[in-house]
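Peer 1: Take a look at the letters that make up each chain.
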Amino acid sequence: MKGIIFNEFFEMTDQKFGMELTEQLISQSELSTDGAYTAVGTYPHQDLVSLVVNLSKIKNIPIDDLQKAFGVYLFARFNYHYEHFFENVTDALDFLESIENYIHIEVKKLYPEAELPKMNPNRIDENTLELTYHSEKAMAHFALGLIKGCLEHFDTEAEVKMSPVTYGQLTDVVFRIKRT
Amino acid sequence: MISELEILKKRLEREKKARIEAEKILENKSRELYENNLKLNELNDNLKSEIEKRTSEIIDKEKKYREFIENSSDIIYTTDEDGYFTYINEAGIKISGYEKNELIGQKFLFLIPQEHHTTVEDFYSLQLSQEKKSSYFEFPIQNKSGSTLWIGQTADFIKSGSGSFEIRAYGRDITEKKQLEEYINRSEEKYRNIIENLELGLLEVNTEDEIINVYPKFTQLTGYSKEELIGKKAKEVLLPDEYYDEMSHNEKEREKGVASVYETQIKCKNNELKWVIISGAPYYDKSNKIVGSLGIHLDITDRKKMETDLLLAKEQAEKSIQTQELFMANMSHEIRTPMNAIIGMNDLLINSDLSNRQLNYAKTIKSSAESLLVIINDVLDFSKIEAGKLELDPTPTSIKEVLEKCINIVSYKAEEKGLPVSLKFDNEIHHLHLVDGIRLNQIVLNLLSNAIKFTDKVSITILCELISSFENVQNIKFSVKDTGVGLSQESIKKVFESFVQAEGSTTRNYGGTGLGLSISKSLVAQMNSELKVESALNKGSIFHFTLSLKKTKLTERLLLKEEIEDVNLDGLTVLLVDDNKVNRFMALTFLEQKGCIISEAENGKEAIELISTNQFDIILMDVRMPVMDGFQATKIIRDELNLFTPIVALTANALKGDSDKCLAAGMNDYLSKPFTKEQLFHKMNYVVKNNFSRRKNNKTTSLLDITLLENATMGNAAFQSEMISLLIEELPKDIAKMESAISEEDIQVLALAAHKIKPSINYVAIKPLRDKVREIESLSSWDDHSKSIGNQIVSELKSLIKELRKVK
Numbered sequence: 001m002k003g004i005i006f007n008e009f010f011e012m013t014d015q016k017f018g019m020e021l022t023e024q025l026i027s028q029s030e031l032s033t034d035g036a037y038t039a040v041g042t043y044p045h046q047d048l049v050s051l052v053v054n055l056s057k058i059k060n061i062p063i064d065d066l067q068k069a070f071g072v073y074l075f076a077r078f079n080y081h082y083e084h085f086f087e088n089v090t091d092a093l094d095f096l097e098s099i100e101n102y103i104h105i106e107v108k109k110l111y112p113e114a115e116l117p118k119m120n121p122n123r124i125d126e127n128t129l130e131l132t133y134h135s136e137k138a139m140a141h142f143a144l145g146l147i148k149g150c151l152e153h154f155d156t157e158a159e160v161k162m163s164p165v166t167y168g169q170l171t172d173v174v175f176r177i178k179r180t
Numbered sequence: 181m182i183s184e185l186e187i188l189k190k191r192l193e194r195e196k197k198a199r200i201e202a203e204k205i206l207e208n209k210s211r212e213l214y215e216n217n218l219k220l221n222e223l224n225d226n227l228k229s230e231i232e233k234r235t236s237e238i239i240d241k242e243k244k245y246r247e248f249i250e251n252s253s254d255i256i257y258t259t260d261e262d263g264y265f266t267y268i269n270e271a272g273i274k275i276s277g278y279e280k281n282e283l284i285g286q287k288f289l290f291l292i293p294q295e296h297h298t299t300v301e302d303f304y305s306l307q308l309s310q311e312k313k314s315s316y317f318e319f320p321i322q323n324k325s326g327s328t329l330w331i332g333q334t335a336d337f338i339k340s341g342s343g344s345f346e347i348r349a350y351g352r353d354i355t356e357k358k359q360l361e362e363y364i365n366r367s368e369e370k371y372r373n374i375i376e377n378l379e380l381g382l383l384e385v386n387t388e389d390e391i392i393n394v395y396p397k398f399t400q401l402t403g404y405s406k407e408e409l410i411g412k413k414a415k416e417v418l419l420p421d422e423y424y425d426e427m428s429h430n431e432k433e434r435e436k437g438v439a440s441v442y443e444t445q446i447k448c449k450n451n452e453l454k455w456v457i458i459s460g461a462p463y464y465d466k467s468n469k470i471v472g473s474l475g476i477h478l479d480i481t482d483r484k485k486m487e488t489d490l491l492l493a494k495e496q497a498e499k500s501i502q503t504q505e506l507f508m509a510n511m512s513h514e515i516r517t518p519m520n521a522i523i524g525m526n527d528l529l530i531n532s533d534l535s536n537r538q539l540n541y542a543k544t545i546k547s548s549a550e551s552l553l554v555i556i557n558d559v560l561d562f563s564k565i566e567a568g569k570l571e572l573d574p575t576p577t578s579i580k581e582v583l584e585k586c587i588n589i590v591s592y593k594a595e596e597k598g599l600p601v602s603l604k605f606d607n608e609i610h611h612l613h614l615v616d617g618i619r620l621n622q623i624v625l626n627l628l629s630n631a632i633k634f635t636d637k638v639s640i641t642i643l644c645e646l647i648s649s650f651e652n653v654q655n656i657k658f659s660v661k662d663t664g665v666g667l668s669q670e671s672i673k674k675v676f677e678s679f680v681q682a683e684g685s686t687t688r689n690y691g692g693t694g695l696g697l698s699i700s701k702s703l704v705a706q707m708n709s710e711l712k713v714e715s716a717l718n719k720g721s722i723f724h725f726t727l728s729l730k731k732t733k734l735t736e737r738l739l740l741k742e743e744i745e746d747v748n749l750d751g752l753t754v755l756l757v758d759d760n761k762v763n764r765f766m767a768l769t770f771l772e773q774k775g776c777i778i779s780e781a782e783n784g785k786e787a788i789e790l791i792s793t794n795q796f797d798i799i800l801m802d803v804r805m806p807v808m809d810g811f812q813a814t815k816i817i818r819d820e821l822n823l824f825t826p827i828v829a830l831t832a833n834a835l836k837g838d839s840d841k842c843l844a845a846g847m848n849d850y851l852s853k854p855f856t857k858e859q860l861f862h863k864m865n866y867v868v869k870n871n872f873s874r875r876k877n878n879k880t881t882s883l884l885d886i887t888l889l890e891n892a893t894m895g896n897a898a899f900q901s902e903m904i905s906l907l908i909e910e911l912p913k914d915i916a917k918m919e920s921a922i923s924e925e926d927i928q929v930l931a932l933a934a935h936k937i938k939p940s941i942n943y944v945a946i947k948p949l950r951d952k953v954r955e956i957e958s959l960s961s962w963d964d965h966s967k968s969i970g971n972q973i974v975s976e977l978k979s980l981i982k983e984l985r986k987v988k
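So the sequence lines, in the order shown, correspond to chains A and B. Position 124, counted from 1, in the first sequence is what our numbering calls 124; the numbers after and before it change by one each time, with no gaps. So our numbering is basically just the index in the second sequence, starting at one, shifted up by 180.
Derived from the structure by calculation, the hints contain no laboratory data.
The list that follows gives simulated cross-link-like pairs (lysine-lysine, DSS-like), each with its CA atoms no further than 27 Å apart:
hint : chain 1 : residue 1 : chain 2 : residue 2
1    : B       : Lys204    : A       : Lys109
2    : B       : Lys190    : A       : Lys57
3    : B       : Lys204    : A       : Lys2
4    : A       : Lys16     : B       : Lys196
5    : B       : Lys190    : A       : Lys59
6    : B       : Lys209    : A       : Lys109
7    : B       : Lys190    : A       : Lys16
8    : B       : Lys358    : B       : Lys313
9    : A       : Lys108    : B       : Lys219
10   : B       : Lys204    : A       : Lys108
11   : B       : Lys209    : A       : Lys108
12   : A       : Lys2      : B       : Lys190
13   : A       : Lys59     : B       : Lys189
14   : A       : Lys16     : B       : Lys189
15   : B       : Lys415    : B       : Lys485
16   : A       : Lys2      : B       : Lys189
17   : A       : Lys2      : B       : Lys196
18   : B       : Lys197    : A       : Lys16
19   : A       : Lys2      : B       : Lys197
20   : B       : Lys209    : A       : Lys2
Chain B extracted, bound-state conformation (with noise of 0.2 Å):
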């Protein structure tokens, strides 16, 4: 049994032990806390340093970023969730023209206008309700001073953890933007109701041709919809089959690039065929790669219709103008067969056995015959100069000749008023130019004709001066003067329009149909030169005119002039050919004067009969006669008789174009109705010489006539020895490539050739082989005429090159 002391002893002992323990566990747990709170203000230390640097980083931070946003040239604020600023940038300061603290607070819906208050509140609130974290839109603000600028802006809505949010703008000033869009509307606006209003009709193709936009315009030129062209192929639907290869070309072309501008016809969606001028241009993409074309269809349809009409209506005209050349040629047909007559017959009266008093009555009837004939040829020649038809024909003239002949003729008149006239001829003037001898004669007579109208007594002057000299060319001023009763200031004015006389009095007074001066300053114009007047009332007047000629030297045409006094055809054997008994009988008893033996035919047809079986020196031929007329009557006789006997024309047409079908035709020369028989015998001699001497000289007819080539080069003879010699050259190509192109038949060829050597051969060839080419290179079409006429003028130009080296 263990006494309770002892057990006493042993609790104590262990509660001794347990109470070191617990002082121990204390101890540990004392020293634990110390440690852990020597650790704990260490790590508080270093939290507090710590959160100094951090706020003072996130101060640095914060003072950066404001910076930033400060400085930023955009706008950027905050508002709060109804929309009140909570704050604004510098940027925005500056933008609106408000002080900050007149904005924080304010909504910033105070800043845009009134009428946009709604688009802008509706757009945000889309945005609200659709959960957009973040936004951009437009819309305009106004500043403080009242000017509308335009913001774009984004804005985000940032939640915060409440569940409110905060929302943060930025925003930029975007009214120039805003106004180069609006400009670039307005212009764009601008452009297509140009375009709309233009009536064209716009349409924008693919690269592949599909439509892919068609302007309302083309829908009312084409009649289809815009639905029904869009994706279809533009030259499928609307482009009928005849215009496919133009139009492929010029797709072509704008695929490099090229716009182009074209007609064509397009077809309707009721199958009509409408006429359009199509613009095509290509347009690009960014990368400048073609991706279509955009063309502009203008509806010319009516213009077209316009044009064919006007052409129809052009041939009328031209055919109108044509009947009236006609109805001129006829006229002047008419008129002058008679007149020859009058003044034929009547030069045979003056020439018989009559008294006194019926050579009178001759003689006036002469002169009146002659008055007559200038007003007709006046007429006929304005008209001509009306019809711009009028053409000067320059050959190697004497100017001295033509005045002297003027004076020549007007002086019977003058001198029955008892006028001298008075050629003062400057000697230095040349011998020969380049000048149609017959226009000049035609304007100076006028002018002498007026001044012996005009003027009662004293004296009239030709002054014909050298104003100066060149080389080749003289200028000379023609001037006539005379004592009469001049002109009025106001006259002068008038003086060349047509059918204006110095006063209404003046024909009554004075006669004449009032178009002479008028043709004569038409005549001068054409000459390249001005006919002036100087004049005061009873001082007289001076009309003059200044012609800048080309000198020229002697022909064989002019040497007969010397023997106009002394014509010798007696003996000549003369075929007469006229329809016309009276004129066969007035040319009958002029040639008879002279010793001619003569036969008459009625018409081309006899004298052709007579031809084949008699020899003539020479034939004088009428144009317009029944059954054959001249024309035909040549061509046989120089075709199928193969003769060439000179042959004269007699015509009446006065037209011009006349003489060149004459010569066309095979004839040598013409002479036209009514002639005096001067004139008659001067032609006969001309002709008959011309072609006897030729004759004698190569037996057969020559086919070198140079005048052209002399004419050409003034003379010069080493240039016209250089001409031949590259003609003789060269021609024998030419005639060896004709030569090929009959034995294939191919007319092209032989037309090519004649077109080439026809400038050469106009210079060197008589006028029938100079035809010949022409009517060669006209041809278009092979047949046994063709050939037959290749076949002449090979054979000919071979014979040309024969006589170009015997000229050489």
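Next up, chain A with everything else stripped away, as it sits in the complex (with noise of 0.2 Å):
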């Protein structure tokens, strides 16, 4: 995982809980770094768990509503790091539409250890987008965010419904996005 994603969880908890909750967070949890993030580096996925789970309970949230607000959050924070990608985009579902056939593959060139999850889209009409998700971490609730990010940063009023698909001892989940 990004250090980046560290860092902005950090921003994140400090703008919301405030720095003495983000320091017991660091604190209490079990981290490969003791807290201390580069964007560009990379660090262990579980060190993320380690902090959601942390935070849910000092703060009595579930830890699927922490994984769908961080996921908001980081949405307008990728828009403010990765203005390029923006560019010329003016339509929520083209966006999310492009994430694994564009947007992955420009991150790929540049982080080649980057491990991505898939986000398979499927146009089913010009309002209605289905994507799959499917990655070993089981973060579906952070993808719900930033899909509901991506969403309010285009202004889009959308209805988006969570299916899992099991097969296995996975769970893919299909998101459907169809605009009203």
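Build the complex: two chains, separate frames, hints provided.
Peer 2: If you want it as structure tokens, here you go:
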């Protein structure tokens, strides 16, 4: 997991719960780096899981909600950090559709070691998009938060339906995004 | 509660740690980048040198291929898809005669004569439409100097990425091949035409005799269509059964590779049979195996018909010749019989008591009759010569006697004219030669008669000169020289032609038939020489010829000459058989003068009756008689009465073959009518003496007659003795064979044995025995007659061997 995710996570806790809580969280969590992350570095996914789980305990907020909230927050930050991905894009669904086949490919060019989830698009019609989430990290709600963040960013009213599709021990999630 | 400062310190601490981490990452990334860069540079350098190497290799390769293409003797060129030249190699330039720059940018049709454009374009359009990648085609081009060349071209269509294509073509100058093809085609066409126009029907069959090809003339010949014949067995459809064997034989020959020509008949569709000559020859595949045969059929039906017609015509012609011969024989008989009477009776008249005047008349009759006889003989001889029927009969002859006799004959006439006829005879000439004395006499007599006719004064000379002499042969020149009117150069040329006389007036002035010289010339020619004449007008003539004659020794027959003058026939019992009363009367008168005792018979039947009851020393027998002829009577006398009384035929048939018939019938000799009384006495004396002497010697009739052996061996006694020894040794084997053949009634073996002994028997046996052998030889079926004759021969041959032993 890229260091930027951790830094943005701490930025969010600072803003929402204050620096004191962030320090508490770092000291209570078992982190590979004692909480020092650089944006370009790569760190264990377990660190984020530990942080989310501890925050949920401290603040008594469900993990899914935390994930979702972080997703919404992170999308705005992405927009801030990676402006060039947003150039010439005006539609939320178009942007979401391009994640797997454009943004992830560009990310891989810069960070070949990055482990990215699959977000396979299926454009049903102009106003309907299905995205199939596939990851070993079971962070579907984080993904949902990012989708919501995207819709907010483009000022798009849409209904997002989340349905798990289980096969074997893994569970994929299909997001059906329908403009309202 | 943690102080804010505490928090910031912690955060700073973390930031430092993160920065160090980031710097480390950056450093690693930089090193990585640097190393990658180094690697990249290295790769770049490698790539560059590799590219250079490859490029130079490609250039080399291309150079090589280009040289290869340039130096190829085949034309190699490329065009774009519209057919415009984009490249052409050296061979193309050389063959077309154009410069490279004249061709590049031209359409390739530019080289092809206008009249072939459509064909070539159509061909390549078709290839394109069928998406054929490669194709071969032959077409003519016209080079710059205007000559036409044939090109055989392989063209490949090469598609490029952009969908357009290029044409790569490889062409070769095939003008010679094309000319050869054309030559072969023309030649084939020519021979096909020839064969078709020759009215020859061609048929090809395979080794199974199945028809595989039929040519139009053959369908015309047989009436079958090609379709009706193909695949059928040739023999079954076309050949009549009776020719199967012959055809099979010919086929076997053909299997051995032997071509054959034979005649056969074939069945046509309408069942008509046609005669054809088949000329059959095997033909071969590449490995020289016979795969079938080609039969050439020539319709010879018409020719066959013509042949049959001709054969018929020939038979008719032969029959007509036979008729003519018979006519000649009849005429000869009809003329000679009264002539005989005239001359004979006239002789009697002359010898009777006549007044001088009457004697003169009678002598005139005699000379006229003799002249007439000469003319008749000339005409008959001429007919025989014309018909090629005249044959010589060489016998031991004294030339001197012949010549003296001639002079003797003409002396009366010559004396009348006061002409001396002299003979200059070379005494070196052998006293006997094998020559036809009668004919030699005829030639000389003719020349003498002419000489006397055309000479009024001075003299006539016969010259007989020995030109050269060898052990057995002498070349003798005969010349008759006169001092008469002679012949002009022009007349010399015509003098030997038939019916031609020196001048049209000759006949009027001198008489004669005009055949004499022509006959003489033919007779001399038959003696392998040439009668020549040297003459000039008023300078007389010399007629001469040179004969090459075999010397021979004296025989019994000729000894008699000295005795002619004094023939003693006193007391001889003679049976005279002749239906002609005048002839009988004449002979009777002659014979009575000689003191013979004569009995007369009118025909063969009467004669046999007399012979059965009386004994005769000699029989004079006419040949042609009513009731029973002389031949028949003789056969009965010999075969049934078993009597060997000498028989002399008196025949008016002066044709060749008569004498043979007489002897074949068993007669001892013959006398041709008309004959003089001297000739009759001479003949009777000879025959009787000959026969008497034999009887005295052997008691039974001798079967031995070695005259021919003596003649053939020219009197070489040693050789004769050897021959006889050989016969004594060989004959018994053949006799044994004949005896077994008789007991087995096998005529073929008997005939074969007879055939084998015939040549030897001819030299040593008397004629009746020789004839029996000949008869057996010609028999083809077994009957009582063949049995009897076979037995006779066997017993006679046994006697002959005994006689041969004695002679030896």
